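Put chains B and C on the given structure of chain A with help from the hints.
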Amino acid sequence: MRFPMSWRVAVPLSLVTVLLAGCSTAGDPAAAPSASAGPAAVTNCGTPVTVSRPPARVVTMNQPATEIMLALGLQDRMVGTAYLDDEILPDYAAAYAKIPVLAKEYPGKEKLLEAEPDFVYAAFSSAFSDEGVGDRAEWQRLGVGTYISPAGCPKQTRPAKLAISDVFAEIREIAAIFGVSDRAEALIAGQQARIDKAAGSTKGARVVWWDGGSDAPSVGACCGAPDMVMTAAGVTNVFADATGSWADTGWETVIERDPDVIVLVDASWDPADKKKALLAGHSTLKDLPAVRQQRYVVIPFSSTVAGVRNVRGIEALAQGVAALPAKAGS
Amino acid sequence: MLEITDVSWAVPAARILDHITCTVPAGSLVGLLGPNGSGKTTLIRAVAGLVRPDTGAMTIAGDHIAGLRRLALARRIALLAQHADTDLDLTVRDVVLLGRIPHRRSRWSDTADDHTAVAEALTRVDLAGFADRTWLTLSGGERQRAQLARAFAQEPELLLLDEPTNHLDIGHQLQLLSLVRRAKVTTLAALHDLNLAAMFCDTVVVLHHGRVVATGPPTEVLTSGLLAGVYGVDAEVRVHDGRTVICYRPPS
Amino acid sequence: MRPARVRTAGTAAITLTLVAGLLVSVGAAVTVGPADLSIGTVWAVIGEHLGLAQADVSVLRDHIVWDLRLPRVLAAAAVGAGLAAAGAVMQTVTRNPLADPYLLGVSSGAALGAVLVIVAGIGGGMVAVSGGAFAGALATFAVVVLIAGRRGALSPARVVLTGVAIAQLCAACTSFVIIWVGDPNATQSITFWLSGSLAGATWAKLAWAIPALAAVLLLVLTQARTLNAFAFGEEAAATLGVDVTRTRWLLLIATALLTAVLVAISGAIGFVGLILPHAARFLAGPDHRRLLPVVVPAGAIFLIWVDTAARTVFEPRELPVGVLTALLGVPAFLMLLRRREVRG
Chain A
1 MRFPMSWRVA
11 VPLSLVTVLL
21 AGCSTAGDPA
31 AAPSASAGPA
41 AVTNCGTPVT
51 VSRPPARVVT
61 MNQPATEIML
71 ALGLQDRMVG
81 TAYLDDEILP
91 DYAAAYAKIP
101 VLAKEYPGKE
111 KLLEAEPDFV
121 YAAFSSAFSD
131 EGVGDRAEWQ
141 RLGVGTYISP
151 AGCPKQTRPA
161 KLAISDVFAE
171 IREIAAIFGV
181 SDRAEALIAG
191 QQARIDKAAG
201 STKGARVVWW
211 DGGSDAPSVG
221 ACCGAPDMVM
231 TAAGVTNVFA
241 DATGSWADTG
251 WETVIERDPD
261 VIVLVDASWD
271 PADKKKALLA
281 GHSTLKDLPA
291 VRQQRYVVIP
301 FSSTVAGVRN
311 VRGIEALAQG
321 VAALPAKAGS
Chain B
1 MLEITDVSWA
11 VPAARILDHI
21 TCTVPAGSLV
31 GLLGPNGSGK
41 TTLIRAVAGL
51 VRPDTGAMTI
61 AGDHIAGLRR
71 LALARRIALL
81 AQHADTDLDL
91 TVRDVVLLGR
101 IPHRRSRWSD
111 TADDHTAVAE
121 ALTRVDLAGF
131 ADRTWLTLSG
141 GERQRAQLAR
151 AFAQEPELLL
161 LDEPTNHLDI
171 GHQLQLLSLV
181 RRAKVTTLAA
191 LHDLNLAAMF
201 CDTVVVLHHG
211 RVVATGPPTE
221 VLTSGLLAGV
231 YGVDAEVRVH
241 DGRTVICYRP
251 PS
Chain C
1 MRPARVRTAG
11 TAAITLTLVA
21 GLLVSVGAAV
31 TVGPADLSIG
41 TVWAVIGEHL
51 GLAQADVSVL
61 RDHIVWDLRL
71 PRVLAAAAVG
81 AGLAAAGAVM
91 QTVTRNPLAD
101 PYLLGVSSGA
111 ALGAVLVIVA
121 GIGGGMVAVS
131 GGAFAGALAT
141 FAVVVLIAGR
151 RGALSPARVV
161 LTGVAIAQLC
171 AACTSFVIIW
181 VGDPNATQSI
191 TFWLSGSLAG
201 ATWAKLAWAI
211 PALAAVLLLV
221 LTQARTLNAF
231 AFGEEAAATL
241 GVDVTRTRWL
251 LLIATALLTA
261 VLVAISGAIG
271 FVGLILPHAA
281 RFLAGPDHRR
291 LLPVVVPAGA
301 IFLIWVDTAA
311 RTVFEPRELP
321 VGVLTALLGV
331 PAFLMLLRRR
341 EVRG
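Chains as they are written, first to last, in the working numbering: chain A, 1 to 330; chain B, 1 to 252; chain C, 1 to 344.
Looking at chain A on its own, in the form it has when it is part of the complex (with noise of 0.2 Å):
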């Protein structure tokens, strides 16, 4: 069964090994908020938030909305960070470094208004509910503006079916609320530029993506994050009949769609090596060519949360089957 990502997410991931490649593309952060900066409105999981000017003291409840406002360049807004799944990306960690941390996980209710905060961003819902700081409504009513990612947003109101545009979108809307639009625009653009040249080498190979699960493999389906990244990257998503963003499967069927590519997902609680070993282990999986031929590609958990590190599990993805040989017949 697949825990919801929001939960997923909201356990303390220790340390991943990320292959850290690409420049920085964010906009120069010295600059100054542009000319336009006032109040904006958005609706936000169904709910208006609406600032009547940019918000000066941010406090960011999770690592992926702490990298989108340092990527945007507004270190200099934020009062207090929380949540570190992974070890913040080395392009931002001179500015991280000088940001409080309020907590390891979810910041207590107390702890969040002791920093003073005028608006709080979350990745995830699970930031408001009681295993956060609470009720979302409550802070509102406080007059502390509130922002979750669209793609953590509770069902009803997430985007049907996940794409990399979702994530721009994001990227552009806190932009807005803080009145630096045109850096938004240079990150989306050098991030697509990166998307566009990684896809076009993939030749259509088809993917499954192993997230975990020895039993019954856990893969990703139609609507989620990995068919998000599946997607940019050119590839076809075997499992993309299933319903949701991840589903239980069995090996019986990856058996039986003789997928050209095997996607491990390398996260600190189930590391690509030990799904490697399973797969060499496993009386019948090791005689399915993708598996006999080696064709896997690793990619890092923490790429595959909507954020800026999307275009590295793209690129990882991409690269990854380029560079693999072309498939011997089974």
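Calculated from the structure, these hints are not laboratory results. Quantities reported herein were computed from a predicted structural model and do not represent experimental measurements. One or more hints might be untrue.
[Stated by the list, open to error] To be clear about the criterion: a stretch of chain C counts as covered by chain B if any three or more of its residues have a C-beta under 8 Å from a C-beta of chain B, and this derived list gives those stretches:
no.: 1; region: 37-48
no.: 2; region: 274-287
[As the list claims (entries may be wrong)] One side of the interface only, derived from the structure: several residues of chain B facing chain C at Cβ under 8 Å:
no.: 3; residue: Arg70
no.: 4; residue: Leu71
no.: 5; residue: Leu73
no.: 6; residue: Ala74
no.: 7; residue: Ala81
no.: 8; residue: Ala84
no.: 9; residue: Thr86
no.: 10; residue: Leu88
no.: 11; residue: Asp94
no.: 12; residue: Leu98
no.: 13; residue: Ile101
no.: 14; residue: Pro102
no.: 15; residue: Trp108
[To be verified] Here are some of the chain C residues that sit facing chain B, going by a computed Cβ distance under 8 Å:
no.: 16; residue: Pro97
no.: 17; residue: Ala224
no.: 18; residue: Arg225
no.: 19; residue: Asn228
no.: 20; residue: Ala231
no.: 21; residue: Phe232
Every residue gets a Cβ at the ideal spot worked out from N, C-alpha and C, and that includes glycine.
Then chains B and C, alone, in the frame of chain A:
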């Protein structure tokens, strides 16, 4: 025959059985009388092997009950409790067949002997056509008769009755005890109803605070004085049609 | 005497039908699955492994039939049969119609054991997790027995209450461990144990389960008549010559051991051990000599087909079988209940 000699049993707070000695002669029906808490049920349970007395001896045809294995005991002594109930939808045959468990030769199948014993036992309690009726469809009186048939199916030397008529109307009370009487099995029966005891028992044993206070034929034992002393009731004891009849007066 | 024979013959016929149905179910269920294999192919593979014939089938298809499907179908049969029998015995021994094989905390202990193994990181793979689950189940049962049976006499109420209490304690410990360590893998595993799945069935696990099942079933069958004596309570059983304490200990320990083995293979699959004994009583009556031969194949058939549904109906998704047992079983049970009431 059952002989109980100097049996005592105590729990930390109270002495429940206090040096009890009495006899149930072969073929007789002995009534065990006494008010609530006098030790009747405990004595019945002790004879059934369900509690072990601290001291004293109980023998059946000369064999010490304490020395008999449970299975051997079950072949010689059968107990009919106050009230037997179950959620299971057993047939009357299933219930009576339980009485054959101590006699089993096979762990699995019922022998022809078992079926004969069941049929006989049902006839003895006037339930001949009831073998396929299910427990849940029986009246209270029929249930106690089915249990009595189960006890008969054990082919016991000694039948123990623990206030078996408590939940029955007077017609079924009379019927049950006359079935027991008719069976001519050696019986020790704890009874509440003194008129029933007087009607059916050869002898009665009266317990009070765990002690035997009187034994003998009902006509001799059941006197106004005893009823006043043991039960604390004001009653007139008459003889009517050759039987002892007790007429109670309301407490003053 | 005639009606007795009719009823006995009736249940013998039910048992024979069910055993035949079980064989057919195993044979049919292995031909069903997400992979598109013909019945001929499937049986050719099985025939080859049994040394009956040569099959010209690709290695992968051979594996699908022999290593994925057949062990899984057999595991479903073993787990279904074992849980149904254990449930029937538990209900009788504790005289509690709501008793099931997990009453004594075995499944909660298994979940805790599994999570501890994952968190402590002992070994990899599911074999170690099964081992942890088995150890957890046994340890929990031992604690329940030590507490409930301190003076030798094992009163049903005491056992049930102790079991419930210890199960709650295990559940709390499991939650504590998960929250404390914050490892999503542990969460995934606990979900596995709580809902139950046969996806991890292998020949190696069957090599444990089948002998355990066979031994406990044999023991229980020899006690069938003794179990009947419990119908009117333990004192009534005692006056029928049953050593109540010894019998209760023997059966509780045997069924708990069997349940521990099954839970280690499949997680805690609900419903089967609770409801199938009642359903079987409708068919065969409460006499354990007729009930047990009916409940065992009925449990096996039931779980084979529910698991087949779990792995095929929502293709390509696969559901944990425990989610479906109640979903499919409850309507069937209610229908049986209704039909029985109509017949009176």
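Here's how the hints hold up against the structure:
Counting residues of the region 37-48 of chain C whose C-beta lies closer than 8 Å to any C-beta of chain B gives 0; at least three are required, and the coverage claim is violated. Remark: the region 274-287 of chain C is confirmed as covered by chain B, as 4 of its residues place a Cβ nearer than 8 Å to a Cβ of that chain, reaching the required three. This hint holds: Arg70(B) has a C-beta 5 Å from the nearest C-beta of chain C, less than the 8 Å allowed. Nearest Cβ of chain C to the Cβ of Leu71(B): about 4 Å, under the 8 Å cut. The hint holds.
At a threshold of 8 Å, the smallest CB-CB gap from Leu73(B) to chain C is about 7 Å, leaving the interface hint in force. Because the smallest distance between the Cβ of Ala74(B) and any Cβ of chain C comes to about 3 Å, under 8 Å, the interface hint for this residue holds. Hint status for Ala81(B) relative to chain C: holds, with the closest Cβ pair at about 7 Å, below 8 Å. Taking 8 Å as the C-beta cut-off, the interface hint given for Ala84(B) holds, the closest approach to chain C being about 5 Å.
Among the interface hints, the one on Thr86(B) holds; its C-beta lies about 5 Å from the nearest C-beta in chain C, closer than the 8 Å criterion. A cut of 8 Å between beta carbons decides the hint on Leu88(B): the least distance to chain C is about 4 Å, and the hint holds. The beta carbon of Asp94(B) comes within 6 Å of a beta carbon in chain C, closer than 8 Å, and the hint placing it at the interface holds. Using the Cβ-Cβ criterion of 8 Å, the hint placing Leu98(B) at the interface with chain C is satisfied: the shortest such distance is roughly 6 Å.
For Ile101(B), the suggested interface contact is upheld, since its CB lies about 5 Å from the closest CB of chain C, less than 8 Å. About 4 Å separates the beta-carbon of Pro102(B) from the nearest beta-carbon of chain C, less than 8 Å, and the hint is met. Given the 8 Å rule on beta carbons, the hint for Trp108(B) holds: about 6 Å separates it from the nearest Cβ of chain C. Taking 8 Å as the C-beta cut-off, the interface hint given for Pro97(C) holds, the closest approach to chain B being about 6 Å.
A hinted interface residue such as Ala224(C) counts as satisfied when its beta carbon comes closer than 8 Å to some beta carbon of chain B; here the least separation is about 7 Å, so the hint holds. Interface hint status for Arg225(C): upheld, as the beta-carbon distance to the closest one in chain B is roughly 6 Å, under 8 Å. Hint status for Asn228(C): holds, given a least beta-carbon distance of 6 Å to chain B, under 8 Å. Taking 8 Å as the C-beta cut-off, the interface hint given for Ala231(C) holds, the closest approach to chain B being about 5 Å.
Interface restraint check: Phe232(C) against chain B, minimum CB-CB distance 5 Å, threshold 8 Å, status holds.
Hint 1 from the earlier list is the only one contradicted by this structure; the remaining hints agree with it.
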